[in-house]
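Student: Chains A, B and C, in that order, are what the protein sequence lines are.
Last residue of the first sequence? That's 331 in our numbering, and every number before it is there in order.
Last residue of the second sequence? That's 273 in our numbering, and every number before it is there in order.
Last residue of the third sequence? That's 255 in our numbering, and every number before it is there in order.
If you're looking for bench data, these hints aren't it; they were derived computationally from the structure.
Hints should not be assumed to be uniformly reliable.
Claimed, not checked - Using 27 Å as the maximum straight-line C-alpha spacing, the simulated BS3-like pairs for lysine-lysine come out as follows:
1) A/Lys292 x B/Lys65
2) C/Lys88 x B/Lys65
3) C/Lys145 x C/Lys191
4) A/Lys37 x A/Lys292
5) C/Lys199 x C/Lys145
6) A/Lys157 x A/Lys37
To be verified - Computed, partial: chain B to chain C, Cβ under 8 Å:
7) Leu49
8) Ile51
9) Ala54
10) Arg142
11) Leu145
12) Ala149
13) Ala151
14) Leu153
15) Glu155
16) Ser156
17) Arg158
18) Val160
19) Asn163
Stated by the list, open to error - Chain C regions said to be covered by chain B (calculated; three or more residues, Cβ under 8 Å):
20) 90 to 99
21) 107 to 116
Idealized CB from N, CA, C, for every residue including glycine.
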Amino acid sequence: MSAVQDVITTPAAATAAAPVTRARRLARFNATWTAITLIALIVAPLFVKNFVVFQMTMVLIYALAVLALNILTGASGQFSLGHSAFFAIGAYTSGILMEFAGVNYILTLPVAALICFIVGFLFGFPALRLSGIYLALATFALAVAMPQLLKIGAFEHWTGGVQGLVITKPDAPFGLPISQDMWLYYLTLAITLLIYVAAVNLLRSRSGRALMAIRDNQIAASAMGVDVSLYKTLAFGISAGITGVAGGLGAIAVQFVAPDGYTFQLAIALFLGMVVGGVGWLPGSLAGAAFIVFVPNIAESVSKGLSGAVFGVLLLFIIFLVPHGARQFAIILQNQFLKFKKT
Amino acid sequence: MELFWNQVVAGISTGAIYACMALAIVMIFQAIDHLNFAQGEMAMFSTFIAWQLMQWGVPYWWAFLLTLAISFAGGIIIERSLFKPLANAPILTNVAGFIALFAIINSVAGLTWDFTVKQFPSPFGSSPFLGSQLLSTHQAGMIGVTALLLVLLYLFFRFTRIGLAMRAAALLPESARLVGINTSWMTALGWGMASAIGAIGGMLIAPVVFLEPNMMGGVLLYGFAAAVLGGLTSPFGAVLGGFLVGVFENLVGTYIPGAGNELKLPIALALIVTVLVFKPTGLFGRVVVQRV
Amino acid sequence: MSVLLTVENLRAYYGQIQALHGLEFALEEGSVTTLLGANGAGKTTTLRAICGMIRATGAIKFDGKPILGKSTEHIVRLGIAHVPQGRGTFTTMTVEENLQLGAISRGDTQNISADIERMYNHFPVLKERSSQQAGTLSGGEQQMLAVARALMLRPRLMLLDEPSFGLAPLIVKDLFQILGKINREDRVTILVVEQNAQLALELAEKAYVIETGRIVMAGPAVEIASDENVRRSYLGY
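The following block holds chain A by itself, in its conformation from the complex (with noise of 0.2 Å):
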């Protein structure tokens, strides 16, 4: 997204080094940024308490649902506040296979994807006549109904209905000697780092460089042969499906699922992640989540009373400081490093 490179200024002009050093010195400093991330997501659940491992955990799912949202509006340019939809439909896929059909926890995964995939799919065909505020207001509406929906007498015996379904947290396999939580969380950590690899690769491969085509300039897209239907609701799609794979494994970790946890409020909160993490920047996705989860608990501990009036202005200060996430976070510590080796 130049964009951004136009508020940042690169030192690119500044530096007398050649171009290809200067390109393998920024590669090395990326590379071992993502070696340490890395190394504490592994590590660090061994060194504090099951409910900071669940935490954790719960930082990862909402990781990846920001990465989905990510995709959908970063990649492909279409406005989505109606994700919270998504997430409901595969936590209660997942909940629903493993206390009625008694379908292990890890495969009702796939199978939230799917479905999910076909519902955001099928999503994606109205959606491919509305655009920007439109569309937010149609995804608006889907993540308003989805509680609704849920709590509809018809379904209560598989739904549970208002109360929702208890689940049984699964205990880690072959009897290894850790806690639930921590097998949760390298499950987690596992799917989240799988997930993550494959859009990495798919925005860089040619389908990538479609969507973003389309993002950028619809018409100039299709006029170059780009299906541009095809590629919106596939997005919307693999976006859902993501999505629907965070929300089973959301409700995996918290055991539980009922209707009014996936109110329009998870949709925005998933829309302030994408946007503070930065929008289509993968590695961005975890702040968001970070924020996400953490940042409504300090305001709270700030203040009880005011814990909205505290968390919105946390919010503010962030995008004032930086307007384009935590992306442009990342592109200041780059220049630092760079004009800092210079010497």
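Given the coordinates of chain A, work out where chains B and C should sit on it, guided by the hints.
Tutor: For chains B and C alone, coordinates are given in the frame of chain A:
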């Protein structure tokens, strides 16, 4: 059949609420090209200010006018301090800003006036209108005020210099600057006006839904839906959209079985989305021809 | 003859890309000057820099007062009218509203209707269409509207960016004749940027040629017109 017409008329009167909200939304949209999610909260806050003034003994109409002035100023202050700095930030960041504003206003209102429901007086009273059972005087008043507002806005935009300047700034900011218009202040003015209109809406709605910090939630959503249905570029469309949404909502609640209060909203929204699929820019929206 | 506009060491940037590399020129009050150049040479950039629409360094003085760094609307209010590329017409507003907008920053509101009448005299076709939506006018008519709108400002300096673009030759001829008239009668200094060199050189007294952000030739229009390089590159013979 009588039930049908009853519901239609009742729908029109609740629709007046949505129409007022939709009008404020369209105003801001014209000024800044975004939907302000915090619009409802701003209206709610203004209504609380009016209520507080009356608690302190200020008579209704003075409180009304004072609230309008305060809301107008407040809208401008919020725009200058919060959204002018974000003018060059991406749209989605601006949306996050609206959400932050929403959270702040809602929280502060809750702390200042707590969440117990309060009565808010109506200047129109609540006796049957013209002896009819269908419409109360307050509801008739709401419709009247909204219509009056629409006329005043039309006159303002069509016949005053500043109205012309605001239209130009919203239409083509760069060309507007080239004729010497300070587009930045036009945006601030748009916010001020939208804030004042929202305050009017809030003060009209509060007697019906009762005053509390979360009173505008549903109304805002319907207001958005109405504005979008009417076409975001048309104030007339917004008002008409408001009335239509009110009628939809009521008819859905009456005629669709099992549609309790919870399902009314999603169904109404679904209907609007359906309309959008056939008319993507709303009923009266300007069709933007995309030139390559 | 006093100097109305001076440009010194003007560098202009689109983001990281530098488009002008130290431009220098001056406009005398009451004169007509033309800036010629191929696509992408920096003609439009120059006009935009004068109007404060892009990031620039150097010095620009209007009537002795520095204007670099000021906002576009401030510069316009000092008396510089800019007819941009593409005309910037308010297409959904009427012709008359467009003209009113041209004068929107003026304090002397009592003279505006008289000025609108004067515009209708300069451009009779606009009077016919005064209550039509501006977007329904033909290309030539929209160009006239754009010029009229600029004149409503009662500017001292008028900048025109490729006014001949997309117009039939006869219409361009008419337009340039009117521009000459305006320059003489209303004493408006004109800087016209053009790819269509022929008519511009006939209208102007002074000419500059710009290539990749640098002025490569300067002089009286007559001399520039007879220069062999110019003839080959811009006049086609």
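Student: Close enough to count: is the Cβ of B/Val160 nearer than 8 Å to one in chain C?
Tutor: For B/Val160, the interface hint holds, since the closest Cβ of chain C sits about 5 Å away, which is under 8 Å.
Student: Going straight from one Cα to the other, do C/Lys88 and B/Lys65 come out at no more than 27 Å?
Tutor: holds, 18 Å
Student: Given B/Glu155 as an interface hint, is the shortest Cβ-Cβ distance to chain C below 8 Å?
Tutor: Holds, because the Cβ-Cβ distance from B/Glu155 to chain C comes to roughly 7 Å (cut-off 8 Å).
Student: Are C/Lys145 and C/Lys191 close enough, with their CA atoms no more than 27 Å apart?
Tutor: holds, 20 Å
Student: Do the numbers back the hint for B/Asn163, that is, is its least Cβ distance to chain C under 8 Å?
Tutor: Hint on B/Asn163: holds, closest Cβ of chain C at ~5 Å, below 8 Å.
Student: Checking one constraint from the list: CA of C/Lys199 to CA of C/Lys145, max 27 Å. Satisfied?
Tutor: Cα-Cα ~19 Å, so holds.
Student: With 8 Å as the cut and Cβ atoms as the points, is B/Ala149 at the interface with chain C?
Tutor: holds, 5 Å
Student: Can you verify the interface hint for B/Leu153: is its Cβ closer than 8 Å to any Cβ in chain C?
Tutor: Nearest chain C Cβ about 6 Å off; hint holds.
Student: For a C-alpha distance cap of 27 Å, please report whether A/Lys157 and A/Lys37 respect it.
Tutor: Distance of about 18 Å is within 27 Å: holds.
Student: Could you grab the alpha-carbon distance between A/Lys292 and B/Lys65 and see if it respects the 27 Å cut-off?
Tutor: violated, 30 Å
Student: With a cut-off of 27 Å on the C-alpha distance, tell me whether A/Lys37 and A/Lys292 pass.
Tutor: OK: A/Lys37 and A/Lys292 at ~25 Å, within 27 Å.
Student: Do at least three Cβ atoms from the segment 90 to 99 of chain C come closer than 8 Å to Cβ atoms of chain B?
Tutor: holds (count 5)
Against the hints set out earlier in the document, violations occur for numbers 1, 7, 8, 9 and 13.
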